[in-house]
Amino acid sequence: MAHREHSGLKAADALPATDEFAGRSGMLFEQAMAQTRMAICLTDPNQDDQPIVFANRAFRELTGYANDEIVGHNCRFLQGPETDPAKVREIRAALESERVAVVELLNYRKDGTTFWNALHLGPIYDRDGRLLYYFGSQWDVTDVHTARAEQMHAKAMSREVSHRMKNMFSVIGGIVSVTGRSMGAQSVASRINERIQALGRAYEHTLDEAAFGTIEVGQAIRAVLRPYDPEDCRIVFKGNGVRTDPNIVSVVGLTLHELATNATKYGALSGDCGQVSVDWRHEGDRHGRQNLVIEWCERGGPPVEAPGGGAGGGTGFDIVETLLRVAKGTLDRNWDPGGLVARVVIPIGSKDQ
0 MAHREHSGLK AADALPATDE FAGRSGMLFE QAMAQTRMAI CLTDPNQDDQ
50 PIVFANRAFR ELTGYANDEI VGHNCRFLQG PETDPAKVRE IRAALESERV
100 AVVELLNYRK DGTTFWNALH LGPIYDRDGR LLYYFGSQWD VTDVHTARAE
150 QMHAKAMSRE VSHRMKNMFS VIGGIVSVTG RSMGAQSVAS RINERIQALG
200 RAYEHTLDEA AFGTIEVGQA IRAVLRPYDP EDCRIVFKGN GVRTDPNIVS
250 VVGLTLHELA TNATKYGALS GDCGQVSVDW RHEGDRHGRQ NLVIEWCERG
300 GPPVEAPGGG AGGGTGFDIV ETLLRVAKGT LDRNWDPGGL VARVVIPIGS
350 KDQ
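Those letters in the sequence shown? Residues 0 to 352, by numbering that gives the first Met the number 0.
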């Protein structure tokens with residue numbers, strides 16, 4: 000090892016200029032290390048498990064550990080469940096190759112709180128090039144990391160808002176067109192407003208999540224249906240935890256709005272005793288596709304009839320069926336004696352997704 004070129008610090012690199020200063024160098028070095036505001040530790044690679052042999056006050060303050068909980072232990076005690084294993088491997092590779100490295104990773108304090116650590120590590124050699132220690136400085140860059148994440152989130156949100164607004168205006172255009180063709184002028188504004196509000200509730204509760212690629216569909220479902228059950232006792236939600244493509248929010252929102260409006264006028268929500276249950280889940284089909292399946296079941300209301308008998312059809316479901324055709328989805332309604340049962344199926348991807 001004596002003839003090898005190292006990227007770390009050699010003892011000779013820090014040699015004082017005079018013998019007088021040399022006698023005081025150890026004390027000065029120790030005081031400088033102890034007093035710096037940067038968290039610093041030294042590990043000994045010549046001992047089993049490479050324990051920490053020195054940690055300054057800034058290190059103890061940053062991590063919350065006492066000196067006897069630090070010295071003699073490998074620094075992996077700073078790792079936790081959300082520490083990226085790839086970053087740990089990067090550190091290990093730097094140690095094995097005796098090179099300087101800067102690694103940013105999530106570490107844990109003694110009390111369990113986390114901080115983003117910009118770790119700068121490197122080897123220290125004696126005059127003959129023998130490896131003595133590894134030097135590690137830790138810098139809490141949580142604020143920087145948070146600001147960076149917020150900036151990335153803001154950019155993603157901006158893109159999502161632009162995309163969702165274009166999608167919403169397209170859907171609104173369809174609503175206005177179909178509603179205007181089938182109703183008198185007096186009713187058009189009211190019906191258009193109801194449907195746009197249902198869209199708005201669905202989008203409002205999913206926009207923040209959508210920037211990350213998927214939404215929790217239950218949030219949109221509950222938001223759309225909340226106005227139809229102000230006392231929170233008539234609509235029972237059975238699905239949970241299902242995430243899906245945000246692009247289907249408009250289809251889900253308007254479909255449930257029309258089902259709930261129909262139930263309020265003719266079905267289980269038109270009286271005092273009826274109830275609606277709504278379930279949702281992912282389900283594969285024989286073609287290898289993954290679908291979002293929503294099941295709507297009314298019970299306890301008055302007898303219902305198919306649209307041909309005068310209840311349950313009309314403009315709203317024309318809009319829904321148009322949107323579902325575009326999404327390659329389906330809506331099946333069955334007018335059971337006990338109440339309407341509907342099944343909505345919307346493809347969301349292949350089986351592997």
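Rather than coming from a laboratory, the hints here were simulated on the basis of the structure. There's no promise every hint is true.
[Claimed, not checked] Calculated cross-link-like contacts (lysine-lysine; reagent style DSS-like; alpha-carbon spacing at most 27 Å):
1. Lys237 <-> Lys327
2. Lys109 <-> Lys86
3. Lys264 <-> Lys237
[Unchecked claim] Using C-beta positions, here's what the derived DEER-type ranges look like:
4. Pro301 <-> Lys327: 45 to 55 Å
5. Val52 <-> Gly240: 24 to 34 Å
6. Arg147 <-> Ser96: 22 to 32 Å
7. Glu294 <-> Gln218: 39 to 49 Å
8. Val140 <-> Asp110: 14 to 24 Å
9. Gln150 <-> Val87: 39 to 49 Å
10. Glu81 <-> Pro336: 50 to 60 Å
11. Glu215 <-> Gln49: 14 to 24 Å
12. Gly240 <-> Pro336: 48 to 58 Å
13. Thr35 <-> Gly71: 45 to 55 Å
14. Met151 <-> Gly111: 20 to 30 Å
C-beta atoms are modelled at their ideal positions from N, C-alpha and C, and glycine is treated no differently.
**Q.** Structure versus earlier hints, numbers of those that do not hold, lowest first
**A.** 4, 5, 7, 9, 11, 12 and 13
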